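If you're matching them up, the sequences are chains A and B in order. In terms of my numbering, the first sequence opens at residue 1 and continues consecutively. In terms of my numbering, the second sequence opens at residue 1 and continues consecutively.
Hints are not guaranteed to be accurate.
Stretches of chain A that chain B covers, calculated by requiring three or more beta carbons in the stretch to come under 8 Å of a beta carbon on chain B [to be verified]:
1. 21-32
2. 63-73
Okay, derived cross-link-like pairs now, PhoX-like style, lysine-lysine, Cα gap no bigger than 25 Å in a straight line [claimed, not checked]:
3. LYS65/A to LYS370/B
4. LYS60/A to LYS314/B
5. LYS314/B to LYS346/B
6. LYS552/B to LYS288/B
7. LYS291/B to LYS59/A
8. LYS59/A to LYS286/B
Honestly, the hints are just simulated from the structure, not real lab data. Every value quoted in this text rests on a predicted model; they were computed, and no experiment measured them. Note that CB positions come from ideal geometry on N, CA and C, so glycine has one too.
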Amino acid sequence: MSNERFAVSIIVTNQSGVLTRISSLFSQRDFNIDTFTSGETENPALARITITASGDNRKKDQLIKQISKLYDVKKVVLMTPENTILRELLIVKVKATGDRLREVLDASNVFRSKVVDMSPGSVCIELTGESSKLNAFLKYVEPYGILEYCRTGLIAVERGSACLYTEDDSKETA
Amino acid sequence: MQLTGCQIIMEVLIEQGVTTVFGYPGGQVLSLYDALYEYRNRINHVLSAHEQGACHAADGYSRASGEVGVCIATSGPGATNIITGLATAKADSIPMVAITGNVPLDLIGTDSFQEVDTIGLSIPVTKHSFLIKSIDKLADTLREAFRVAKSGRPGPVLVDVPKNIQIATAEYTPKPKVEKIPDEKPDTALLDEALMLIEQSERPLIYCGGGVINANCQQQLQALAEKCDAYVAFSMMALTAMDCDHPKYLGMSGMHGRIAATRAFGETDLIIAAGVRFTERATGNKTKFAKNAKIIHLDIDPAEHGKNIDANLKIKGCLTTALKYLTENTKQKDNEAWRNIMDEYKNHTKETKTVDGCMMPWEIIGAVNKKAAPETNVATDVGQHQMWVAQYYNFKKPRTHLTSGGLGTMGYGMGAAIGGAIATGNQTVLFTGDGSFGMNLNEMATAVSQNLPLIVVIFNNKVLGMIRQWQSLFFNNHFMATVLDRETDFVKLAEAFGANGYRATNITELNSALDKAFALKSPCIIDCYIPSEENVFPMVPPNGSLDNIILK
Chain A
1 MSNERFAVSI IVTNQSGVLT RISSLFSQRD FNIDTFTSGE TENPALARIT
51 ITASGDNRKK DQLIKQISKL YDVKKVVLMT PENTILRELL IVKVKATGDR
101 LREVLDASNV FRSKVVDMSP GSVCIELTGE SSKLNAFLKY VEPYGILEYC
151 RTGLIAVERG SACLYTEDDS KETA
Chain B
1 MQLTGCQIIM EVLIEQGVTT VFGYPGGQVL SLYDALYEYR NRINHVLSAH
51 EQGACHAADG YSRASGEVGV CIATSGPGAT NIITGLATAK ADSIPMVAIT
101 GNVPLDLIGT DSFQEVDTIG LSIPVTKHSF LIKSIDKLAD TLREAFRVAK
151 SGRPGPVLVD VPKNIQIATA EYTPKPKVEK IPDEKPDTAL LDEALMLIEQ
201 SERPLIYCGG GVINANCQQQ LQALAEKCDA YVAFSMMALT AMDCDHPKYL
251 GMSGMHGRIA ATRAFGETDL IIAAGVRFTE RATGNKTKFA KNAKIIHLDI
301 DPAEHGKNID ANLKIKGCLT TALKYLTENT KQKDNEAWRN IMDEYKNHTK
351 ETKTVDGCMM PWEIIGAVNK KAAPETNVAT DVGQHQMWVA QYYNFKKPRT
401 HLTSGGLGTM GYGMGAAIGG AIATGNQTVL FTGDGSFGMN LNEMATAVSQ
451 NLPLIVVIFN NKVLGMIRQW QSLFFNNHFM ATVLDRETDF VKLAEAFGAN
501 GYRATNITEL NSALDKAFAL KSPCIIDCYI PSEENVFPMV PPNGSLDNII
551 LK
């Protein structure tokens with residue numbers, strides 16, 4: 001079985017300790033997590049977590065089922081790649097001056113990224129997109145000298161008007 | 001009615017029908033113990049020798065009675081001491097509620113005296129845990145803890161109550177006992193597919209797990225076995241799910257299972273698995289497991305589907321409903337050829353050899369069995385004696401077998417036996433080894449103070465037998481740290497605790513000791529000498545195929 005990468009969206013009650021319980025499962029069950037993001041939702045009582053992980057079908061199935069069993073978890077959905085908007089934010093600080101700086105700024109335009117800070121000798125660039133786009137940009141600027149970078153991990157939302165957590169869901173879990 | 005947090009805890013426990021709690025006092029539960037004093041006529045508190053014993057006792061209470069067992073421990077070391085007990089209950093899906101005291105909320109995180117991250121420690125060993133941060137949420141959260149413990153796949157729940165919440169006051173409104181959340185109905189379309197597999201099957205085998213005991217559907221299981229003329233193999237957790245004298249009863253299967261039960265997996269064409277999780281000890285090498293069979297996997301917990309074994313049909317939901325539906329909609333089957341195969345295997349006699357001058361484990365179990373009643377609780381610790389009991393004891397009634405199956409906790413037995421004896425009021429026998437007993441023998445003090453009808457039968461072989469067995473089979477007889485150079489006199493030990501002690505070196509002495517022990521109705525120890533070299537057989541080597549059983 002192949003080791004695919006997949007994204008899972010999770011709705012949880014927004015209270016302390018919930019992230020610990022979910023991340024504890026990773027070590028308990030030997031799940032390979034690539035990225036993990038969490039934030040508030042339109043409903044302040046709920047938080048939304050996006051996990052990307054890799055594994056075969058059995059691992060994927062177990063990850064979803066074991067997370068679903070946690071008391072604080074309201075809903076778990078495996079996101080289908082073709083129907084999901086996936087985004088990640090990157091901030092990268094590149095060492096560049098003179099001509100080399102111009103080349104980096106040109107590339108930054110091509111990737112439609114934003115320069116957020118400049119100093120003598122370095123430039124700080126912000127870029128959002130799918131992970132592959134961020135990877136491509138990092139690969140391009142690498143020869144110029146990356147001083148540091150930071151990525152948020154992916155967040156995922158389904159295309160169209162359908163929502164992950166509906167009124168029906170909240171009735172079911174009430 | 002305005003009550004303190006501790007009084008609210010007492011009231012909610014009474015709401016839930018709790019009559020007995022097991023525990024050990026300490027600094028951060030002093031207020032709780034003051035409430036236990038106030039409520040002493042309505043809640044019986046059993047003081048253990050160590051918090052681990054209290055936790056195992058609550059677990060044993062739950063296993064024997066089917067009710068949610070309750071234990072109490074203080075913060076810090078009190079909380080860390082119950083972790084093994086919680087993990088034991090979690091591994092075997094036992095409903096219980098542990099209440100821990102903690103330092104006041106404003107001291108949490110300051111490394112104050114006897115402070116530990118109880119919630120953090122509890123996460124992997126409980127079904128869920130609650131930290132109470134507001135007195136207004138105390139009553140409903142404690143009620144919710146009971147609901148979570150017994151709903152769906154049961155398990156232990158911890159409620160951590162900081163000191164300031166215990167002494168705060170709030171309005172208390174009584175509520176009825178919480179009911180478990182009704183089990184999900186199994187999918188009828190899938191059950192109909194299962195019926196087709198049963199219809200086609202000529203050699204059906206029911207594989208029964210602890211879920212059947214938890215769901216209390218032993219009758220439905222037996223009815224299905226009779227209707228489809230299927231044999232029934234058991235995980236260790238489910239040995240009491242059927243009368244062992246029933247013609248379809250094969251006993252425990254797996255690493256140390258009975259030959260007929262283990263062989264059946266290689267012969268069957270259809271496994272109907274009910275509330276069982278196919279651990280590696282039970283299946284052996286998974287790639288060689290039950291190659292000729294289709295598998296129907298019934299379980300309340302969908303995460304068990306595909307975790308260890310990929311079944312042809314995975315049916316989640318209420319076990320009772322599923323078994324009943326399958327029974328009602330199956331035509332009476334008559335699998336004569338299957339009976340011929342299995343009766344042949346069943347005729348493999350159990351080991352009965354005797355050696356002059358010492359007793360064999362099966363002789364001891366047989367002697368106890370003869371004097372015990374069907375409702376006698378049989379607790380065990382972990383190791384060789386546990387396997388011998390699983391192989392040789394004739395269980396007749398559900399919930400009479402208290403053993404740590406999943407976690408395999410040496411030292412479980414004393415606490416569990418105490419819990420079982422208190423829950424049922426019945427005579428209780430603990431089979432243990434000199435190794436396991438050494439772990440938590442301090443709880444003899446509890447058995448004596450409670451004057452429980454508890455007979456501790458020690459299989460004394462002067463070694464850590466199961467580990468020694470593996471050293472002899474797989475580690476070139478390097479008996480590292482398994483030979484007990486101890487001079488413990490268990491008869492004197494019993495007397496030191498205020499119990500009776502007997503020594504038995506042969507079956508005559510054992511029978512005479514048992515006569516006295518069963519008449520006592522109070523705690524006693526019978527120190528039984530067995531040979532150090534005796535190993536547990538049959539045995540399927542780790543990761544071996546169930547078809548390849550070592551017989552001796």
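Hints and how they fare:
{"no.": "1", "hint": "21-32", "result": "holds (count 3)"}
{"no.": "2", "hint": "63-73", "result": "holds (count 6)"}
{"no.": "3", "hint": "LYS65/A to LYS370/B", "result": "violated (46 Å)"}
{"no.": "4", "hint": "LYS60/A to LYS314/B", "result": "holds (17 Å)"}
{"no.": "5", "hint": "LYS314/B to LYS346/B", "result": "violated (30 Å)"}
{"no.": "6", "hint": "LYS552/B to LYS288/B", "result": "holds (22 Å)"}
{"no.": "7", "hint": "LYS291/B to LYS59/A", "result": "holds (23 Å)"}
{"no.": "8", "hint": "LYS59/A to LYS286/B", "result": "holds (17 Å)"}
In summary, the numbered hints that this structure violates are 3, 5.
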